[in-house]
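Peer 1: Based on the sequences and whatever the hints tell you, model everything.
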Amino acid sequence: MRAHSLVAALLLAGVVHAEQAPFTLDAALQSATDHSASMQAAQASVRASSEAAVKAGQLPDPMLSAGVDNLPSEGAQRFTIGQDFMTMRRIGIQQEWVSGKKRQLRSALADEMVGRERAGYLMQLATVRQQTATAWLNAVYAKQAVALQQALLDHMTHELAATKASYRGAKASAAEVVQAQAMLAQTQDQVLKAQQTYQTALIGLSRWTAVPVSDVTGEPPAPEAFVSALPPDELRIAHPTLVAASDDVAVAEADTAVASSERSPNWTWQIAYQQRGGAYSNMVSIGVTIPLPLNR
1 MRAHSLVAAL
11 LLAGVVHAEQ
21 APFTLDAALQ
31 SATDHSASMQ
41 AAQASVRASS
51 EAAVKAGQLP
61 DPMLSAGVDN
71 LPSEGAQRFT
81 IGQDFMTMRR
91 IGIQQEWVSG
101 KKRQLRSALA
111 DEMVGRERAG
121 YLMQLATVRQ
131 QTATAWLNAV
141 YAKQAVALQQ
151 ALLDHMTHEL
161 AATKASYRGA
171 KASAAEVVQA
181 QAMLAQTQDQ
191 VLKAQQTYQT
201 ALIGLSRWTA
211 VPVSDVTGEP
221 PAPEAFVSAL
231 PPDELRIAHP
241 TLVAASDDVA
251 VAEADTAVAS
261 SERSPNWTWQ
271 IAYQQRGGAY
281 SNMVSIGVTI
291 PLPLNR
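Under the numbering used here, read the sequence shown as residues 1 to 296, first letter to last.
None of these hints come from the bench; they were simulated from the model. All values reported here derive from a predicted model rather than from experimental measurement. Where a beta carbon is used, it is the ideal one built from N, C-alpha and C, also for glycine. Warning: the hint list may mix true and false statements.
Once the Cα atoms are required to be at most 27 Å apart in a straight line, the calculated DSS-like pairs of lysine-lysine come out as [what the hints assert, rightly or not]: (1) Lys143 with Lys193; (2) Lys143 with Lys101; (3) Lys102 with Lys55.
Estimated spans, in silico, between C-beta atoms of each pair [claimed, not checked]: (4) Asp26 with Thr200: 17 to 25 Å; (5) Thr200 with Thr157: 20 to 28 Å; (6) Glu176 with Ala126: 20 to 28 Å; (7) Leu294 with Ser73: 32 to 40 Å; (8) His158 with Asp215: 23 to 31 Å; (9) Arg296 with Leu235: 37 to 45 Å; (10) Thr200 with Leu59: 55 to 63 Å.
Peer 2: Below, the structure written as structure tokens:
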């Protein structure tokens, strides 16, 4: 039992140590990418649009129709089936026919919508990484400020000790000792403020990493910008915002083409089998329904 307890304690200590390991910039970016709810929502949106695109170019589902035609409502044969020669039990199939050109335009629109969702995913990825990197930099700079304030506190502590020694040797006045004590107290306040700022920055970073961050490590990367050096044609396919805007334009154009094609109505074909009484012959009906768009 003691051995098992010791192993469990060691494992727990290892987990706690792993959770409290300092976060580098790459680790913070990876954690944010893996745990971001907005990223998961964007991925789900891409999958949903991809599934919808499969059906965009298909014909609508056929419709099954069934009923009773010419059922008597008066007389001795009221509401009876199979006695009147006009009464028929009917079952049929209806199919709306969409032209190949319309289906092609709908497929093109669905593909453009998939591209737009993918661009939205990339833009969301860039936003999450940018915000995470900013939060990490804030934490790193806050940590450096704590180190500087702590170094200043150590210096002021030695300064106070030296001033007291000089006072005991009659080489410094009591006012100088009081001033050194005041400077030390002020520096201690600055250290506490710097520590509080650092903890606030860690909480802000934890918001993006989705896991608790107790410390950060690493040096801030050198500021480099490659986007401004790209020509407009390459920038249009590299910058997430411009990619998303370009896909929005493509979706709007495809949607316009689909809307224009809808000015021509779809025909609906239908065929039905009609069964009458045993003394009468059965029938088959074939027809077509053509919409009449009065206001286009």
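Peer 1: Please check whether glutamate 176 and alanine 126 have a Cβ separation lying inside 20 to 28 Å.
Peer 2: Violated, at about 57 Å.
Peer 1: Do the beta carbons of threonine 200 and leucine 59 sit within 55 to 63 Å of each other?
Peer 2: The hint (55 to 63 Å, Cβ to Cβ) holds, given that threonine 200 and leucine 59 are roughly 59 Å apart.
Peer 1: Check the following: the C-beta atoms of arginine 296 and leucine 235 are separated by a distance inside 37 to 45 Å.
Peer 2: holds (41 Å)
Peer 1: The hint says 17 to 25 Å between aspartate 26 and threonine 200; measuring C-beta to C-beta, is that right?
Peer 2: holds (23 Å)
Peer 1: Taking only the CA atoms, is the gap from lysine 143 to lysine 101 under or equal to 27 Å?
Peer 2: violated (63 Å)
Peer 1: Quick check on a hinted range of 20 to 28 Å for threonine 200 and threonine 157, using CB atoms only.
Peer 2: Distance hint for threonine 200, threonine 157 holds at roughly 26 Å.
Peer 1: Taking only the CA atoms, is the gap from lysine 143 to lysine 193 under or equal to 27 Å?
Peer 2: The hint holds at about 12 Å.
Peer 1: Tell me if the straight-line CA distance from lysine 102 to lysine 55 falls inside 27 Å.
Peer 2: holds (13 Å)
Peer 1: Does the Cβ pair histidine 158, aspartate 215 satisfy 23 to 31 Å?
Peer 2: Cβ of histidine 158 to Cβ of aspartate 215: about 27 Å, so the range 23 to 31 Å holds.
Peer 1: Cβ-Cβ distance between leucine 294 and serine 73: within 32 to 40 Å?
Peer 2: Cβ of leucine 294 to Cβ of serine 73: about 34 Å, so the range 32 to 40 Å holds.
When the structure is compared with the earlier hints, violations turn up for hints 2, 6 and for no others.
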